[in-house]
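Trainee: Sequence:
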Amino acid sequence: MREYLLTLCVTAAVTYLLTGPVRKFAIAAGAMPEIRARDVHREPTPRLGGIAMFGGLCAGLLVAAHLSNLKHVFELSNEPRALLSGAGLIWLLGVLDDKWGVDALVKLGGQMIAAGVMVLQGLTILFIPVPGVGAVSLTPMQGTLLTVALIVITINAVNFVDGLDGLAAGMVCIAAAAFFLYAYRMWFGHGLEAAAPATLFAAVLMGMCLGFLPHNMHPARIFMGDSGSMLIGLVLAAGAISITGQVDPDALALWAGSERAAVHATVPVYIPLLLPLTVIAVPVADLLLAVVRRTWQGQSPFAADRGHLHHRLLEIGHSHSRAVLIMYFWSALIAFGAVAYSVNSASMWILLLVVVLSAVGLVLLLMPRFTPRAPRWAERFVPPRYRRKAVREVPAAVQPSAEDGEERREPVPAGLHGATAIGDRSRFAQGRKTVGNR
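Residue 411 in the numbering used here sits at position 181 of the sequence shown, and the numbers go up by one each step.
Treat the hints with care, since some could be wrong.
[As the list claims (entries may be wrong)] Here are the computed distance ranges between Cβ atoms for each label pair:
hint, residue 1, residue 2, range
1, Leu587, Val522, 36 to 46 Å
2, Ala515, Val590, 16 to 26 Å
3, Leu350, Leu581, 26 to 36 Å
4, Leu247, Glu273, 16 to 26 Å
Simulated from the structure, these hints should not be mistaken for laboratory data.
All C-beta atoms, glycine included, are put in the ideal place defined by N, C-alpha and C.
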């Protein structure tokens with residue numbers, strides 16, 4: 231565990247330290263697209279944050295390759311090299327899109343090529359565990375098609391959800407944390423060496439997201455862009471493929487009693503990881519709803535609009551930060567709930583806890599204008615909007631003028647570091663247009 235934590239910290243530190251110079255480079259290179267009708271930020275903000283995230287990925291894998299307990303992952307498996315090859319291609323494609331823009335079909339083709347490169351190097355699904363049946367072996371063609379499809383779906387699901395400051399990085403970080411707990415339990419709890427690469431991928435992915443989040447939280451100073459969203463989507467898919475299609479149920483039978491019992495024991499997480507509908511359930515749901523909505527309206531499935539889940543939260547009155555936190559909540563509930571259920575699927579308490587937390591989430595959705603206030607002793611640790619406002623005397627400068635009968639107000643600053651996002655709700659109460667991902 232200590233070596234995983236070291237890898238995570240190195241990845242996070244490198245990503246964090248690189249993001250500042252990358253932001254200056256993006257501004258100098260002109261990677262600051264103009265504000266579009268579907269955007270929610272108020273000022274041009276640099277992209278290319280994926281450059282720093284890719285640097286963190288390379289640093290994390292490099293450090294892990296020299297640690298005594300993790301270097302055997304590189305010796306016994308070619309999956310880390312396959313991940314790095316696919317990540318390099320998808321990152322390069324994303325950088326080109328962030329700077330000059332790439333057609334949607336060209337991006338889809340590039341995603342399939344990156345997935346194919348990973349398959350050629352051994353990162354593929356070999357068999358699917360099916361409850362009541364056992365392990366179903368796949369032909370090379372079936373395994374290749376399923377692997378490519380899963381990678382492309384995951385990449386686009388994460389890309390679609392990247393519409394608010396800190397949303398994609400935070401949701402993927404939550405998914406990676408839940409995935410790490412499951413993979414670590416499979417490896418060290420049951421001695422399955424095939425789960426080692428997935429555990430490493432999850433640790434590195436957490437570091438990439440945690441290192442980038444301080445720069446990307448609202449108001450964001452830099453966006454990850456497609457170079458970052460497609461990259462973290464590919465890393466997440468690689469971990470799911472590694473543990474779902476590489477871990478042999480015959481090995482699981484050693485601790486579950488039989489192959490069928492082993493498949494039953496792991497089905498609560500295995501099948502969701504296969505599609506993957508647990509660790510990124512919210513992004514996948516957003517992706518499916520977007521495709522259905524756009525095709526129903528006669529538009530291209532790749533046409534951007536303002537109907538994503540996080541934009542709907544803004545429409546009903548939630549603030550930018552609260553919309554992001556609500557999406558975090560649902561992602562954590564689904565991902566960690568599935569992991570807890572896989573540990574003890576016979577416990578009724580886990581199901582009851584999930585139901586109660588779901589009810590809490592629904593209440594939060596129905597209370598968009600409720601603003602919690604921190605107690606006096608905790609005000610210094612929370613953002614200003616959660617502090618109790620002190621009653622102050624109105625200075626003479628803002629008193630109504632006798633000549634014009636109009637109140638003079640001080641200008642509202644644009645935000646920290648010159649970045650802004652959604653302002654007062656009253657400014658957007660009329661005529662909102664549709665928005666898609668950045």
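Trainee: Which hints, by number, does the structure contradict?
Mentor: Going through the list in order, the structure violates hints 1 and 3 and respects the others.
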